[in-house]
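*Asks:* Please model the entire structure based on the sequences and the hints provided.
1 is the number of the first residue of the sequence shown in our numbering; add one for each residue after it.
Warning: the hint list may mix true and false statements.
DMTMM-like, lysine to aspartate or glutamate: derived pairs with alpha carbons at most 25 Å apart [unchecked claim]:
id	residue 1	residue 2
1	33	18
2	32	18
3	33	44
4	54	39
5	54	44
Keep in mind the hints are simulated off the structure, nothing from the lab.
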Amino acid sequence: MVLGLFKNLGRLPAGYNERVHGPYDPSMFYGKKDLALSEVKVGELGSWLARRNKSPSAMVGAISRAFWRWQFKYVLPKKSGLVAYVHLVVGMMGLFYVINYEHIKYHKHYKHHWLLQHSTLGRSSIANALENQLMETEAEREGTTDTIPFAHIQCAGARIVCSYLV
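*Replies:* Okay, here's the thing in structure tokens:
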């Protein structure tokens, strides 16, 4: 059963004929030709989708062909430039945005989200305790019960630097 999954691995597609198609091109589909999606009418879209091969191997083949088309266009030319690297960087930025969206989505509710008073990301519990203590002493000194808008404490080794933004 398991060996049956890998029987076509490393082989040429069934529709490929060297005499007809010439040298093998991994970015080309050698199966039966059909209408392109741009040529399909709205009424025929359901039947067009029903004719698609939705097996996992067909999806892997489609992704592989798209990858090779991208390689031939942006990576393999002698003077390709930085476009391929820009594609990779922008793609990675999008991927990491999607991965971190659960942590980012709450920041959109703040007007100045870089001045969060209750943010504890990346700060030690010592820094949070010192910030609370400084805010309480500053409020007592001013004679008010309100705390100052923002007190940020950065811990760098044994040195603690306090910066106030009022």
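*Asks:* So if I understand the rule, the pair passes when the alpha-carbon distance is 25 Å or less; does residue 33 with residue 18 pass?
*Replies:* holds, 17 Å
*Asks:* Would the pair residue 33 and residue 44 pass a check requiring their Cα atoms to be no farther apart than 25 Å?
*Replies:* Distance of about 17 Å is within 25 Å: holds.
*Asks:* Between residue 54 and residue 39, does the CA-CA distance stay at or below 25 Å?
*Replies:* This hinted pair holds, its Cα atoms lying about 20 Å apart.
*Asks:* Holds or violated: are the alpha carbons of residue 54 and residue 44 at most 25 Å from each other?
*Replies:* Since the Cα atoms of residue 54 and residue 44 sit roughly 18 Å apart, the hinted pair holds (cutoff 25 Å).
*Asks:* For residue 32 and residue 18, compute the direct alpha-carbon distance and say whether it is at most 25 Å.
*Replies:* Holds, at roughly 16 Å.
When the structure is compared with the earlier hints, no violation turns up for any of them.
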